[in-house]
Structure formats: structure tokens, C-alpha cells
Amino acid sequence: MSASVLFDIPGPKARLRYRLYAVLGIVVLVAGVGFVLYRFADSGQFDGAKWTWLEYKNVQTTMLDALWNTIRAFLAGAVLAMVFGAIFAAGQLSDHKVVRVPAMVVVELFRAVPLVVLIFIFHYGIGLGAPFYSVVLGLTLYNGSVLAEVFRAGVLSLPRGQSEAAYAVGMRKTQVMTLVLLPQAVRAMLPAIISQLVVLLKDSALGFLITYEELLYQARYLGGIFEFGRPLVPITIVVAAIYIAMCLLLTWFANYLEKRNRRNKKVIDIEAKPAEDVVAAAV
Amino acid sequence: MDVLLDNLDLYGPGFLNTIELFLIAAAGSLVLGTILAMLRVSPVPIFRAAGTLYVTVVRNTPLTLVFFFFAFAFPLLKIVDASDFGGSAARYYFTFAVISLTLYTSAFVCEVVRSGINTVPVGQAEASRALGLTFGQMLGSVVLPQATRAVVPPMVSTMIALLKNTTIAAGFSVFQAGSISLNLSERGENQLVGLLWVALFFVILVIPMTLLQRSLEKRWSIAR
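Taken in sequence, the protein lines are chains Y and W. For the first sequence, full-length UniProt numbering gives the first residue as 1, with consecutive numbering after it. For the second sequence, full-length UniProt numbering gives the first residue as 1, with consecutive numbering after it.
Note that these hints are calculated values from the structure, not bench results. The structure displayed is predicted, hence computed values, not measured ones. A portion of the hints provided could be inaccurate.
Only some residues are given here: those of chain W computed to face chain Y with a beta carbon under 8 Å [as the list claims (entries may be wrong)]: (1) A27; (2) V120; (3) G140.
In silico lysine-lysine, DSS-like type, Cα no more than 30 Å apart, as pairs [to be verified]: (4) Y:K13 - Y:K97; (5) W:K218 - Y:K97; (6) Y:K173 - W:K218.
Not the full set, but computed from the structure, chain Y residues with beta-carbon under 7 Å of chain W [to be verified]: (7) R15; (8) L16; (9) V27; (10) V28; (11) A31; (12) Y38; (13) W68; (14) M82; (15) A112; (16) R160; (17) L206; (18) T236; (19) V238.
Ideal Cβ positions, reconstructed from N, Cα and C, are used throughout, including at glycine.
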């Protein structure tokens with residue numbers, strides 16, 4: 001902890017005090033976790049009967065189907081959001097006001113409207129048919145707008161020499177953008193892009209609200225079945241574990257790419273703003 | 001316009017509930033998030049581990065799932081009684097919407113505060129110690145003022161996200177802006193128009209916040 005701004009390297013007295021705090025902390029934590037576990041056990045959540053549902057073949061396939069539905073919405077949303085983001089980032093950077101202003105309005109609009117309201121508009125308002133379409137369209141528009149901002153920031157942060165050199169070689173504006181600027185921007189912004197994909201994955205759970213048959217929907221269904229003893233709590237724990245595992249996998253991938261990027265000399269080092277990349281992961 | 005004016009009795013309380021939900025959860029998550037951030041930068045390893053575990057778990061769980069837990073699974077644990085809320089289901093769901101939003105958002109607030117503290121170079125603290133400032137003076141007049149500059153713009157983003165996230169409560173029996181359209185459909189009104197009014201309401205609330213955030217970012221990045 002010597003690198004912290006807030007604290008000096010502890011001396012003997014401080015070390016003793018820290019040890020005391022550590023003991024107190026452990027006592028409080030154990031008491032808290034213990035209370036929760038006690039309540040779980042007391043209300044019978046750890047009874048074998050509430051976990052038997054895991055052994056049924058039908059339940060397993062239902063859960064797998066639900067998982068696939070979640071992943072399907074995520075994949076479709078991710079690909080479409082990237083495309084949407086790239087197009088509108090280019091639009092926002094356009095030299096023509098006719099293109100730039102509408103692109104900005106669209107991006108700001110879809111960032112300001114809550115995703116739930118967007119999905120409700122598509123499902124209940126317009127009636128797109130199967131819930132899948134409303135979910136994917138909502139995810140695409142919202143996350144695509146955020147990604148457009150990310151791409152735009154990436155392109156703007158590139159050194160001006162990159163586009164100047166490309167123009168000097170005789171490239172046209174479209175070529176400069178697609179061949180020189182965007183590839184570099186995407187590479188530099190990969191961590192931010194992937195953390196936005198984590199958001200997209202989590203937001204796919206909103207499909208539950210419009211009866212899209214994804215993980216939460218099946219959890220609600222299976223959790224209400226009387227023969228299994230209404231295992232809502234166990235099932236919530238399992239679903240949470242699945243989501244956390246998927247998101248951590250994506251985050252791990254982002255960190256891996258970032259590490260590889262740092263070793264790669266071809267990548268331009270864009271000034272890091274630590275407080276900001278956190279926000280991309282918000283929502 | 002008719003849909004809005006004819007149903008002001010839905011829109012008024014709906015928007016008010018949204019704002020109430022937002023304000024309580026914002027206050028709660030700022031407090032809890034700051035406490036978590038203090039845990040995460042504290043010199044005691046067990047505190048840091050606890051803070052990190054909380055943030056990792058919560059940040060990777062969908063907010064819908066947090067709501068899901070409190071709406072459906074939590075009552076089965078019988079930790080609190082429905083009669084504690086005067087037997088009113090609406091109060092019960094509202095309280096747990098606030099708790100869900102607070103627990104979820106505080107993980108993000110914690111990360112913003114922590115990264116804000118991390119943007120202050122160690123040399124600043126070392127220099128203030130060399131000048132003989134006490135710990136409190138160092139925090140109050142050197143470290144925190146600089147950290148605030150880095151923190152406020154992303155904090156505004158987190159709060160905007162919280163404001164928009166309040167609509168998820170619509171799916172869990174909390175009456176607010178997001179659930180207006182569902183009530184409208186019972187009255188046979190056009191849902192699309194009803195929803196567009198809700199969307200407009202959020203645009204009107206969010207855009208000024210975004211502008212404030214941008215101007216702060218611009219002004220303060222020069223001063224730094």
C-alpha cells in the first residue's frame with residue numbers, strides 16, 4: 001500500500017492498529033454473512049429438496065435453452081450495436097452539417113431514453129411481434145449510441161499526423177476514415193468497447209419484463225413450481241452465478257486484450273483517463 | 001397531447017414517484033458508495049478484499065436480477081414481515097426498489113470515487129506531508145479538492161444511469177414513470193403515444209445533466 005496517496009507506510013504502532021481493525025472487520029463480516037446463511041438455512045433454502053430440480057433432465061434443457069436465448073440476444077445486439085456505433089460515429093465526425101447534426105441528435109436521444117422505455121415502445125407501442133426483436137432493437141439502439149461516442153472519442157484522440165499523412169498519400173476522406181482512423185480507434189478503445197458489451201449482456205435481462213424467455217423468465221417459471229418446493233432462492237443464486245461468470249469472462253478477455261495491446265508497439269498510446277472508463281461500464 | 005392531459009392523474013404521481021425513487025436511491029448510493037471506496041483504499045487488507053468482492057459481484061449482476069431477488073425470492077427468507085409496512089404491498093415494493101437501486105448503484109459510485117482518488121499523484125500527498133500538514137489538512141486542502149475535479153463528471157453519468165434505471169422498477173409492481181403506459185392500456189389509451197411522453201420526460205431530465213457534465217469536464221480539464 002506504499003503507493004497510496006492517503007496513507008504513509010505504517011510504523012509499528014500503526015501496524016498493530018491495522019491488525020486490530022482487521023480482526024474487528026473479520027468479526028463484523030463473519031457475523032453478517034453468518035446471519036444471512038442462518039436465515040437461508042432457517043427458511044429451508046439449503047434443504048436437499050429445494051435443489052433436486054437441478055437433477056431433472058427437462059429442467060436442465062429448459063435452463064440451457066434460456067441461456068441460449070440470453071446469449072442469442074447478446075450476440076445479435078452486440079454485432080448490430082457495433083455496426084450502428086461505427087456508422088453514427090462516422091456521421092458525427094462528418095464535415096457536412098446535414099449529416100453531423102442528425103447523427104448527434106439520434107445518439108443523444110437514444111442515450112437519454114431509458115432502455116426499458118425503449119423496449120416497451122417497441123414491444124407494446126409499435127408491436128414488433130416476438131419479444132426477441134424488441135429486446136435486440138432496444139439493445140442495439142442504446143448500446144450503439146454509447147459505442148458511437150466511444151468510437152468518436154477514439155478517432156478524436158488519434159494524433160492529427162495520422163490523417164494528415166493519409167491525405168498526403170492521396171487517400172479520399174472515406175478511405176482515411178475506414179482504412180486509417182477507425183481500425184486504430186477500435187484497437188485503442190477495445191477495453192471500453194468490451195466493457196460496454198458487458199453492459200449489453202446484463203441489459204439483455206430486461207427481456208424478462210416483456211416475457212422474452214431468457215434466464216430470468218425461466219427462473220421465475222421454475223421457481224414457482226410446487227413439486228420442486230418453489231426453489232426461487234436457489235434458482236436466483238444459480239442464475240446470478242451464471243451471469244457473473246459470463247461477465248467476468250468478458251472482463252477477463254478485455255484485460256487480456258489490454259495487456260496484449262500494451263506490449264504491441266504498433267498501438268498508439270492514448271492518454272488514459274481512469275475516471276472515465278469506469279463510466280462506460282455504468283448503467 | 002390529449003393522452004397526456006386526459007391522464008394527468010397517472011403522469012403526475014408517476015413522475016413524482018420516479019423522482020422520489022431517484023433522490024432517495026441517489027443519496028443512499030452516494031453514502032454507501034463512498035464507504036465502499038474508503039474500504040477499497042484502506043490500508044487493512046481484509047477491508048480491501050471485502051470491498052473488491054462486493055464491487056465485482058454487484059457490477060457483474062444485472063440490475064433486473066437484483067430486483068428479481070428482492071421482489072420474488074427475498075420474501076421467502078422471512079427476514080422482514082410484510083406487516084412491517086402496514087400490510088401495504090406498494091410500500092413494500094417501493095422500499096425494496098430503493099434498496100435494489102442503492103445496492104447496485106453504490107458499486108459504481110465506489111469505482112468512480114476510488115478512481116478519482118487514484119488520479120491524484122502520490123507526490124501531492126508527499127509534498128503536503130513535507131510541508132508539515134496533518135492528515136486532515138492534507139485530505140481537506142490537497143487531495144480531496146483535486147479528486148473532486150476528476151470525480152464530478154463521471155459521477156453525474158452514474159447518476160444519469162441511476163435515473164434511467166429507476167424505470168426497471170416498472171416490471172416489479174412499483175408505480176412510477178415506466179409503468180404509466182401499462183396503466184394507460186387498461187384505460188384503452190394509445191400506448192405508443194403514452195410511452196413517447198414518458199420518453200420525452202426522460203430526455204428533458206437527462207439532457208441538461210449531460211450538458212452540465214460536459215461543461216464541467218471542459219472547464220476543469222483546463223484548470224488541472
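Hints violated by the structure (listed by number, smallest first): Hints 1, 3, 4, 7, 8, 9, 10, 11, 12, 13, 14, 16, 19 contradicted; others consistent.
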